[in-house]
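For reference, the chains in residue letters:
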Amino acid sequence: MKLIRMKYTKWFNISRDGLSKNNPIVIAVLGICSALAITNRVDNAIAMGIGVTFVIVASSSVISLIRNFVPSKVRMVTYMVIISTFVISVQMFLEAFFPNQASELGAYVGLIITNCIVMGRSEAFAIKNPVKYSIVDGFANGFGYMFVLIFIAIIRESLAFGTILNYRVMPEGWTNWTIMAIAPGGFFVLGMFIWIFRELSNNFEEQV
Amino acid sequence: MNRHVKTLVFVIMLGAITSGTLLGMDYWTADYIAANEEYQVRSAVLDAYGISYTPGNVHDVYEERVEEIVIESNGVSYTFYVDREHGNVSFGFEGGGVWGPITGMLSLEDDWVTIRQVRVLSQSETPGLGGVVAERDYLAQYVGVVFDEENGINVTHSPEGDDSEVDAITGGTRTSNAFQTILNDTYFDYKDVWETYMNEGDAS
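Sequence lines, in order, name chains A and B.
First residue of the first sequence: 1, per our numbering; consecutive thereafter.
First residue of the second sequence: 1, per our numbering; consecutive thereafter.
Hints in this document: simulated from the structure, not taken from any laboratory.
Just to be clear, a hint being listed does not mean it is correct.
[Said to hold, decoys possible] Derived DSSO-like pairs (lysine-lysine); straight-line CA-CA distance at most 30 Å: (1) B:K191 with A:K128; (2) A:K10 with A:K21; (3) A:K73 with B:K6; (4) A:K132 with B:K6; (5) A:K10 with A:K132.
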């Protein structure tokens with residue numbers, strides 16, 4: 001009974017939207033550049049997923065907090081400035097206190113600024129909703145992005161390098177599929193994943 | 001008019017708050033970042049010379065075992081990190097990769113042609129492809145490689161057994177080419193400056 005009641009709460013619907021119904025990658029097809037670039041290794045996918053989730057949650061909550069003061073003409077610039085501030089702050093923090101992780105993630109942290117999902121959630125949700133719901137939306141979209149990344153990375157890393165998280169999973173003598181390590185391999189796997197996900201969730205484009 | 005003023009005030013406040021945040025972050029982290037960078041360079045040099053150290057005594061060991069020689073040439077400062085005991089030498093390299101700068105340390109034997117160690121300290125190459133250039137397993141094959149007097153080292157997909165050849169990165173040809181150029185350019189630059197410095201020393 002509790003589960004049925006939960007289905008009608010705003011929290012539940014926002015979470016379901018981000019994770020599956022309007023998943024940023026498979027349904028909205030946002031954040032594809034970074035998804036193709038970094039999903040050739042599972043550890044990269046996890047790191048990027050955590051970074052993007054943090055930036056979406058932080059920027060969405062700040063934008064939601066100041067939403068009544070943001071002039072509509074400069075709202076996009078406002079999003080960019082706030083998102084960039086968070087990304088640069090995260091980069092500085094990592095370089096100062098976690099230098100090893102910073103050198104591993106160096107290229108990806110900068111890429112977060114260009115991720116359309118972060119800007120998309122600010123414009124589509126945070127600017128119109130209170131802080132508490134913006135935080136839930138940030139987590140839902142961040143996790144929705146991360147689980148797709150990890151799924152694709154598991155397939156690509158195992159085929160491209162014969163490993164998952166650097167542990168050998170393919171038999172000795174396995175020939176690495178180099179194409180899976182580069183962007184075309186990412187396109188194939190992502191395309192298949194989007195197709196299967198939409199088939200299973202009965203999500204189709206409306207006929208015009 | 002009132003709306004324009006409101007927008008202007010908002011933009012100024014946003015700029016001030018975000019700039020203040022970043023300045024605060026910079027003030028808080030700058031010393032730590034500089035210390036981390038210094039630690040990276042010093043540990044790379046000590047590793048290259050096979051000198052053992054701990055994070056706690058790295059600076060003491062470095063001061064005792066390594067001599068820093070800074071030479072000015074054509075308005076540029078060249079820093080050499082010389083092993084006081086064996087005469088091995090290291091210097092920094094920096095140059096353009098495919099997506100951004102690649103920086104690191106190149107260490108040589110005292111014969112000035114044999115590589116003791118190559119360490120990449122920062123890079124922005126494609127993860128899993130060109131990014132392999134920073135992996136220690138990949139860089140281990142540079143140890144013992146000899147700089148050819150005219151052509152330097154050759155990073156190639158089809159090595160023929162020459163002692164100046166190194167395997168290129170599979171799927172990272174452009175990064176391999178860029179890395180070869182960076183190492184060779186840096187090597188010949190530093191070698192010229194060092195030889196001039198030594199000759200001047202002999203003359204005086």
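Consistency of the hints with the structure:
Taking the CA atoms of K191 (chain B) and K128 (chain A), the gap is near 62 Å; set against the 30 Å cutoff, the hint is violated. With a CA separation close to 14 Å, the supplied pair K10 (chain A) and K21 (chain A) stays within the 30 Å bound. The suggested pairing of K73 (chain A) with K6 (chain B) holds, with an alpha-carbon distance near 11 Å, which does not exceed 30 Å. A distance of roughly 27 Å separates the Cα atoms of K132 (chain A) and K6 (chain B); the hinted pair therefore holds under the 30 Å criterion.
Our distance criterion of 30 Å between C-alpha atoms is met by K10 (chain A) and K132 (chain A), whose separation comes to about 11 Å.
Comparing the model with each numbered hint stated earlier shows that hint 1 is the single one that does not hold.
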